[in-house]
Structures are given as C-alpha cells and as structure tokens.
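> Same order as they appear, the protein sequences are chains H and V.
With the working numbering, you'll find the first sequence wraps up at 193, consecutive numbering, no jumps.
With the working numbering, you'll find the second sequence wraps up at 406, consecutive numbering, no jumps.
If you are wondering where the hints come from, they were derived from the structure by calculation, not from laboratory data.
Yeah, the Cβ is synthetic: ideal placement off N, Cα and C, and Gly gets one too.
Don't take every hint at face value.
Which residues of chain H face chain V? A few of them, derived with a C-beta cut under 8 angstroms, are [what the hints assert, rightly or not]: (1) I32; (2) A35; (3) S39; (4) Q48; (5) Q50; (6) Y74; (7) Q88; (8) W119; (9) V121; (10) M138.
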Amino acid sequence: MARHQIRLSGSGGQGMITAGIILAAGASVLEGKKAIQSQSYGPEARGGASKAEVIISDEEIYYPKVMAPDVLVALTQEAADKYSKDLVDGGILILDDLMVKTAPKGNWKVYMMPIIRTAAEKVGKAMVANVVTLGALNEICGFVKPETLEKAVLSRVPKGTEELNKNAINAGIELAKAAKAQ
Amino acid sequence: MAKQVKFLQGNEAVCEGALYAGCRFYAGYPITPSTEVAEILAARLPKLGGRFIQMEDELAAMAATLGGSIAGKKSLTATSGPGMSLKMENLGYGYLTEIPCVIVNVMRGGPSTGLPTGPGQSDVMQARWGTHGDHPCIALTPSTVQEQLNETVRAFNLAEKYRMPVILLTDEIIGHMREAVEMPEPGDLAVVDRKRPTCDPKDYLPYKPEADGVAPMADFGSGYRYHITGLNHLPDGFPSNDGKLAQADEIRQQKKVDDNYDEIVVVDEMMCDDAEILIFAFGSTARSAKEAVQMARAEGIKVGLFRPLTIWPFPDKHLLKYKGKVKRVIVPEMNLGQTALEVERVLKGSPEVEGIFQIDSEPINPITILNKIKGGK
Chain H
12 MARHQIRLSG SGGQGMITAG IILAAGASVL EGKKAIQSQS YGPEARGGAS KAEVIISDEE
72 IYYPKVMAPD VLVALTQEAA DKYSKDLVDG GILILDDLMV KTAPKGNWKV YMMPIIRTAA
132 EKVGKAMVAN VVTLGALNEI CGFVKPETLE KAVLSRVPKG TEELNKNAIN AGIELAKAAK
192 AQ
Chain V
30 MAKQVKFLQG NEAVCEGALY AGCRFYAGYP ITPSTEVAEI LAARLPKLGG RFIQMEDELA
90 AMAATLGGSI AGKKSLTATS GPGMSLKMEN LGYGYLTEIP CVIVNVMRGG PSTGLPTGPG
150 QSDVMQARWG THGDHPCIAL TPSTVQEQLN ETVRAFNLAE KYRMPVILLT DEIIGHMREA
210 VEMPEPGDLA VVDRKRPTCD PKDYLPYKPE ADGVAPMADF GSGYRYHITG LNHLPDGFPS
270 NDGKLAQADE IRQQKKVDDN YDEIVVVDEM MCDDAEILIF AFGSTARSAK EAVQMARAEG
330 IKVGLFRPLT IWPFPDKHLL KYKGKVKRVI VPEMNLGQTA LEVERVLKGS PEVEGIFQID
390 SEPINPITIL NKIKGGK
C-alpha cells in the first residue's frame with residue numbers, strides 16, 4: 012500500500028479533528044497499519060479554518076505532516092479554497108454541497124455531496140456530519156474495513172449515541188455509493 | 030502476551046509516563062500547547078490519591094511543584110515558552126536546593142506570547158541557561174509519542190536519582206500529534222525513587238552528599254526537621270556566606286551530571302557508520318530529518334542522522350566521534366541556530382556547521398533538508 016495523505020478540513024467545531032483521530036486510530040490500533048494524526052488550528056476556539064491531517068501507510072512514517080494530500084475533505088468554502096492548493100493531480104476532493112458553493116478548479120475527482128444536510132435531516136443531528144463524512148470518505152477510498160470504521164467510531168463516541176453514530180456512518184456510505192454511481 | 034496499544038496524543042503520553050513513574054502531584058497554569066497535560070492530570074491524579082492544583086500563575090506553579098516534591102511526592106508541571114520564562118526564578122531555587130521534579134516545556138513560537146498555536150524549538154538555551162547562576166542541567170528531547178511516554182519516565186528517574194529538576198523539552202508538533210503507543214506494563218520500565226534517610230532524625234544532614242554526590246532527601250512532615258534556603262548552605266541546610274564552600278558545592282552539583290554522562294546521555298544514531306554527511310536534529314525536526322535521510326539514501330547519498338534524546342548535557346562525547354570524519358554537518362532546527370552553536374563548539378570547524386534555521390511556526394519540510402543535502406555548501 013502506498014502512503015495515503017488525507018486532509019480533513021472545515022470550520023473549527025465541525026468535528027474534523029475528531030474524525031481524523033477516529034480514522035487514524037482505526038487504521039493503526041485495529042488494523043496494525045502505521046498511522047499519524049496531526050492538526051493545525053488558529054487561536055480561535057470555534058470558527059476559523061481548521062484542518063486535521065491523517066497519514067496511513069504500511070511503512071514507518073517519520074515526517075508527521077501531510078506534504079501533499081491525495082484526499083481532501085472540505086466542509087466550508089474557506090477550507091476548500093485554502094486547503095486544496097496542494098491537492099495532488101488526480102486526487103480526490105470531497106465537498107459539502109450546502110457550505111461549498113464553488114468547487115475549486117483542478118484535475119481532481121470531485122464528490123459534491125449533501126453531508127451536512129444528510130446529518131441534520133436524515134440522521135437527525137447536524138453534529139454527526141463528521142461521522143457521515145467518515146462513512147462517505149471510507150466508502151470512496153477504502154482506507155479501513157467497514158467494520159473497523161464502525162468499531163473505531165463507537166469507541167470514541169459518548170454512551171447512548173451508538174445507534175445515532177451507526178446511522179451516520181451508513182448514511183455516509185449511501186451518499187458515497189450514490190455519488191460513485193453518477 | 031501482546032502489549033496493549035493505544036492511539037495517544039503526545040501530551041497524553043506525557044501524562045501516561047508521569048503516572049507510570051509514580052507522579053502524584055501536579056501544579057500548573059494552563060498554556061497552549063501544553064494544556065492537555067494539566068487537563069488530563071486534573072482528571073486522573075485525584076483517582077490515584079494524588080493532587081492537582083491550578084495556581085495563579087506559572088511562578089507559583091513552579092513553587093508548588095517544588096513544595097509537592099519536598100513533601101515526598103513525585104511532582105510535575107507543564108508549560109510553554111511564556112510560562113517557562115516565569116518559572117525561571119523558582120527553577121533556580123530547585124537547582125540550588127536540589128529538589129527533584131519534572132518540568133515539561135511544549136515549545137511554541139516566541140519570544141513573549143509569540144505564535145501560541147504553532148511549533149518552535151527556541152527554548153534550547155533557555156533550558157540550559159534561563160535561570161541565573163551556574164547549575165547542572167538535564168533536558169530530554171523526545172521525537173515520537175512513544176518517546177514522550179518513555180522519556181517522561183526517564184526524566185522522573187533522573188530527577189529522583191540525581192535530586193534535581195529535569196526538563197522534558199518537547200514541542201507543539203510532538204505534543205499534539207497522535208500515533209500508536211505500546212503501553213508499558215508495570216516492571217517493563219525502570220522506576221527510580223529518591224534516596225531517603227535511614228539515620229536517626231536528629232543526626233540528619235539534608236545536604237551531606239554520599240559517595241555518589243547525592244544526599245538522601247527526607248519528606249517534610251516525616252519527622253526529619255530541616256531547613257531549606259535559596260542561599261548557599263552548609264550540610265545542615267542553614268545559610269553560609271563562605272564563597273569557597275559555595276564554589277565546592279556548585280562544582281559537586283555540576284559533577285552529579287558530568288560524571289554520569291554515560292547514563293544520562295542517550296543518542297539515536299541512524300545510518301551514521303558510513304555517513305559522509307551528518308544531520309544533527311532533535312525533537313520534531315528529527316522526524317523531518319529522518320524522512321530526508323531516507324530520501325537521500327534512496328538516491329545513494331551517504332547521509333546519517335544524529336538524534337540526541339538528551340540535549341543537556343550536550344552529547345559532546347557521542348558527537349566527537351564524527352569530528353574530522355564526516356565531510357559535512359547540517360543542523361536543521363526551529364530556531365536561529367541555538368544547538369548549531371553547540372555542535373560548532375564540539376566539532377571546532379571540522380567540518381564547518383551548516384544550518385537550516387526556521388522560525389515561521391511551520392515544521393521544517395523534509396524537502397528543505399534534502400535540498401540542502403543535495404545542494405552542497
């Protein structure tokens with residue numbers, strides 16, 4: 012397996028950092044791959060562009076930051092514009108259709124999907140948009156086995172929200188399947 | 030049995046290391062990017078019968094950390110640059126009075142409030158010389174989340190053994206990144222406790238060193254009455270203005286570290302045996318350097334990485350092996366050349382030291398180091 016460099020971005024508070032931790036923890040602790048999660052953020056506690064980065068590889072990872080992502084998720088226009096600049100040629104760009112009005116231009120495979128709307132309307136809570144994202148992202152890229160993702164999500168969410176989060180993963184998978192069929 | 034593997038943040042691993050080492054007291058004042066250490070220990074210490082206290086500022090936090098240790102508890106405080114500056118007065122007190130404790134500095138951009146959320150490595154000389162006066166110094170520089178845990182345990186062990194403050198000099202990148210950590214079981218890592226007196230309390234001299242240069246330390250409140258002062262003092266702990274005695278005592282303290290270089294100094298030397306070019310890098314920058322070394326080796330360039338896990342005392346003896354042997358030495362660091370000065374001091378121009386100095390709050394990219402390797406002088 013080549014090295015996957017993944018950037019999850021949005022606005023502070025949207026849960027992109029948590030999503031990155033879940034994905035990387037699943038890949039490393041549950042599947043024995045090498046994985047690193049890192050993040051950068053501004054001084055704001057909420058709002059402002061925020062990004063989490065995940066590297067998954069079969070080999071040792073030394074430099075912990077993404078040098079050029081091959082996958083970018085952006086849940087806001089600001090994040091899409093700011094963090095797509097170094098997305099590799101032929102890379103995957105996953106965008107939220109409610110928050111991102113104009114997809115950045117590049118030679119990428121673009122998935123414009125109703126992530127936030129699905130979380131709010133179909134799953135019933137906007138705050139699980141990050142878990143919907145994970146379901147969709149993993150369905151498209153296949154970083155970990157579906158059961159690994161579910162286990163990783165459930166090990167990091169509050170008790171009593173298991174069903175909600177399972178629904179969020181499945182809603183994300185459905186979104187990705189629909190987008191891939193297009 | 031396979032070890033338990035956890036996916037931990039660097040700062041979280043510091044807490045795991047501290048608790049493993051037996052730390053039961055934390056005093057601090059929160060500051061980015063070290064706050065998680067306080068946050069986690071505030072939740073966990075009380076459950077282990079320990080104490081957590083948030084003080085009014087870092088100056089008081091350092092004082093309380095020393096107090097916790099005098100009372101017999103292994104004590105920790107964590108901070109970043111601006112807080113480290115405030116701790117300096119009481120840190121010096123800790124050196125002179127020989128109180129074991131561990132200070133974690135998660136380095137960020139500076140000086141002053143600087144760049145609070147970005148990484149830096151500009152506190153290397155502060156760790157060594159930030160407080161006034163001659164004193165010994167031990168500072169450790171982990172590069173991985175696993176090392177954050179293991180080196181925190183080692184920091185406590187060295188503090189306890191040599192009866193002195195020890196600094197864990199880490200940075201925002203290592204503090205905030207997450208990776209898998211193999212959790213040590215009890216007994217996997219050595220845990221050292223300070224020597225305590227066994228004599229009759231009335232015969233106890235708190236500053237009378239034994240053959241190893243270290244005096245047994247009694248817990249306050251345990252029946253051993255003694256005096257502690259920031260003035261130079263006699264074996265009984267009471268002040269003395271005798272300069273000759275003061276000089277002898279300071280030299281003894283320095284020798285506690287100098288004479289035990291082989292135990293204290295740990296260096297990871299990667300692909301150095303046939304290296305014509307040596308990269309000297311520590312902390313998160315060593316990760317960039319390791320990546321660059323791999324890239325350069327793939328192109329057939331003979332380059333190696335010299336990575337100190339102990340930055341103070343400076344790894345002179347290890348580094349001297351390369352004097353006159355390698356053609357080039359490159360020192361990348363997130364400051365304007367602090368350890369490069371030390372490398373120069375050791376190698377004395379053979380060869381000249383080339384620096385990659387960066388203080389823009391961004392990690393040094395491996396490509397930058399690779400270009401320097403390939404670019405020649």
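> Taking the hints in turn, state whether each one holds.
Hints versus structure:
1. A least Cβ separation of about 6 angstroms between H:I32 and chain V falls short of the 8 angstroms threshold, and the interface hint therefore holds.
2. With its C-beta approaching chain V no nearer than about 6 angstroms, H:A35 sits inside the 8 angstroms limit, and its interface hint holds.
3. Taking 8 angstroms as the C-beta cut-off, the interface hint given for H:S39 holds, the closest approach to chain V being about 4 angstroms.
4. Proximity of H:Q48 to chain V holds as hinted, the smallest CB-CB distance being about 4 angstroms (cut-off 8 angstroms).
5. Checking H:Q50 against chain V: minimum C-beta separation of about 6 angstroms stays under 8 angstroms; hint holds.
6. Because the smallest distance between the Cβ of H:Y74 and any Cβ of chain V comes to about 4 angstroms, under 8 angstroms, the interface hint for this residue holds.
7. Hint status for H:Q88 relative to chain V: violated, with the closest Cβ pair at about 23 angstroms, above 8 angstroms.
8. A least Cβ separation of about 22 angstroms between H:W119 and chain V goes past the 8 angstroms threshold, and the interface hint is therefore violated.
9. Taking 8 angstroms as the C-beta cut-off, the interface hint given for H:V121 is violated, the closest approach to chain V being about 27 angstroms.
10. Hint on H:M138 is violated. Least Cβ distance to chain V is approximately 22 angstroms, over the 8 angstroms limit.
When the structure is compared with the earlier hints, violations turn up for hints 7, 8, 9 and 10 and for no others.
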